[in-house]
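Asks: Each chain is listed here by its residues.
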Amino acid sequence: MSESGIENFVGVPDSTLKHFVDQGLKKKVVLIATREEEAIGIATGMSLSKSPSLVFMQNAGFANSLSTITSLVELYEIPLLFLIGWRGYLKNDAPEHTKIGKIQPEIIKSLGIESKILSDASWKKECDWAMKKIRKGQFCALIIRRDFLD
Amino acid sequence: MIRREAVEIVAKTLKDDVAVSANGYMSRDLYEAYDRPLNFYMIGSMGLASSIGLGIALKNPQRRVCVFDGDGNILMNLGSLVTIGSLQPKNLIHVVFDNGIHESTGGQPTNSTRVRIDSLAKAAGYKVFRAGSKVKLESTLNKIKNVSGPILVLVQIEKSKYVSKRIDVEPPLIKTRLMNKINSQK
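Residue numbers (our numbering), protein chains in the order written: chain C, 1 to 150; chain H, 1001 to 1186.
Read the hints as simulated data drawn from the structure, not as lab findings.
Do not take every clue at face value.
What the hints assert, rightly or not - Per the computed footprint, the stretches of chain C lying under chain H, defined by three or more beta-carbons under 8 angstroms from a beta-carbon of chain H, are:
id	region
1	30-37
2	45-59
3	66-73
Claimed, not checked - List time: in silico BS3-like cross-link candidates among lysine-lysine, alpha-carbon distance up to 27 angstroms:
id	chain 1	residue 1	chain 2	residue 2
4	H	Lys1181	C	Lys133
5	C	Lys50	C	Lys26
6	H	Lys1134	H	Lys1165
7	H	Lys1145	H	Lys1181
8	C	Lys132	H	Lys1181
9	C	Lys136	H	Lys1181
10	H	Lys1012	H	Lys1090
11	C	Lys50	C	Lys28
12	C	Lys27	H	Lys1090
13	H	Lys1122	H	Lys1012
14	H	Lys1012	H	Lys1145
15	H	Lys1090	H	Lys1143
16	C	Lys125	C	Lys136
17	H	Lys1015	H	Lys1134
18	C	Lys50	H	Lys1181
19	H	Lys1136	H	Lys1159
20	H	Lys1090	C	Lys26
21	H	Lys1136	H	Lys1012
22	H	Lys1136	H	Lys1122
23	H	Lys1090	C	Lys50
24	C	Lys18	C	Lys99
25	C	Lys28	H	Lys1090
26	C	Lys50	H	Lys1015
Stated by the list, open to error - Sample of chain C residues lacking proximity to chain H, with all beta carbon distances greater than 10 angstroms (derived):
id	residue
27	Glu3
28	Asp22
29	Ala94
30	Lys99
31	Leu111
32	Gly112
33	Ser115
34	Leu118
35	Trp123
36	Lys124
37	Lys125
38	Glu126
39	Trp129
40	Cys140
Just so it is clear, CB atoms sit at the ideal spot from N, CA and C, and this is done for glycine as well.
Only chain C is shown next, with the shape it has when bound in the complex:
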């Protein structure tokens, strides 16, 4: 994502995204916020400065951010790329993730955010799709499934 033009990676860590966040920290392109809404606010300020930005978070934090998404990102049409870790994708994930994991696809659909689920086979294509959206000044989301337990 960095090579294709994303300059800022702002968010709240998620274990599903651990390697992604660690890489970004090594490259010094990651800014860790205290909450997901704060991350969206900071990334919005960066996008207003024409510096393409990605916001990463777990789906729990995505649920925290619904009002910020509707009343800032969607209302002002801010170009932002959301990268969301999908906890509760597996039925036997920890209990606090079950409900949000189940209703997440519906929420994203209701919000009207265009999204793609990243897969091992075609992740590059999905990232290219997202970058095209950002360059056009639109927002969208990429979802990473949590397909392992720890």
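With the hints as your guide, set chain H onto chain C.
Replies: Here is chain H on its own, set in the frame of chain C:
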């Protein structure tokens, strides 16, 4: 001093600075006092004005960014003080207009009278100033001209029944005119 008066005093010192204003009456006051393309009126996303201001400040180090915040607003996003304090943006001025109430929603109390917002900001690493009168506010704004940020100015204001006019610029236009202006002068 009521908020509308205090906002106008701060707005007059803006020059080429970007301004980001909190939702509710704060943005309406700034719009009525001094509308300009470099103002970002955040009409939704409660609490996030300082975060948006931080993002702009980090990407435009040559330009000052002034956040018009309220006590109720910053209390919703106290983590922002920590993030700003840790990143130390030199060009960020965070003005908190403190009336001790949520005036936009009918005057319910906040806890800013019990827990001092300027003390919290100081602990987070801001340079902190307080102003409780028009004269003090003007002299403070003059004093901080050459001080590097992050700066927090706590402006103590009185409750008021005055209501500024509604903002009649569509949100996507608020964004576009700011983006055009900010990026044309880089």
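Asks: Taking the closest pair, is the beta carbon of Leu111 (chain C) still more than 10 angstroms from chain H?
Replies: holds, 14 angstroms
Asks: Is it true that the CA of Lys136 (chain C) sits at most 27 angstroms from the CA of Lys1181 (chain H)?
Replies: holds, 19 angstroms
Asks: Against chain H, does Ala94 (chain C) keep a CB gap of more than 10 angstroms to every residue?
Replies: holds, 25 angstroms
Asks: Does Lys1134 (chain H) pair with Lys1165 (chain H) here, judged by a C-alpha cut-off of 27 angstroms?
Replies: holds, 23 angstroms
Asks: Count the residues of the region 45-59 of chain C whose CB lies closer than 8 angstroms to any CB of chain H, then report whether that count reaches three.
Replies: n = 8 at 8 angstroms, threshold three: holds.
Asks: Does the structure keep Lys50 (chain C) and Lys1181 (chain H) at a Cα separation of 27 angstroms or less?
Replies: holds, 11 angstroms
Asks: Under the criterion that the straight-line Cα-Cα distance not exceed 27 angstroms, is the pair Lys1015 (chain H), Lys1134 (chain H) satisfied?
Replies: holds, 19 angstroms
Asks: Under the criterion that the straight-line Cα-Cα distance not exceed 27 angstroms, is the pair Lys50 (chain C), Lys1015 (chain H) satisfied?
Replies: Holds, because 22 angstroms separates the two Cα atoms, which is no more than 27 angstroms.
Asks: Measure nothing beyond the straight line between the CA atoms of Lys50 (chain C) and Lys26 (chain C); if it is 27 angstroms or shorter, mark the hint as holding.
Replies: holds, 24 angstroms
Asks: Next pair to validate is Lys27 (chain C) with Lys1090 (chain H); report whether the Cα-Cα distance is within 27 angstroms.
Replies: Status holds; Cα separation ~23 angstroms.
Asks: Within a Cα-Cα threshold of 27 angstroms, do Lys1012 (chain H) and Lys1090 (chain H) meet the stated pairing?
Replies: holds, 21 angstroms
Asks: For the pair supplied as a hint, Lys1090 (chain H) and Lys50 (chain C), confirm whether the alpha-carbon distance does not exceed 27 angstroms.
Replies: holds, 20 angstroms
Figure legend: structure checked against the earlier numbered hints; every hint is met.
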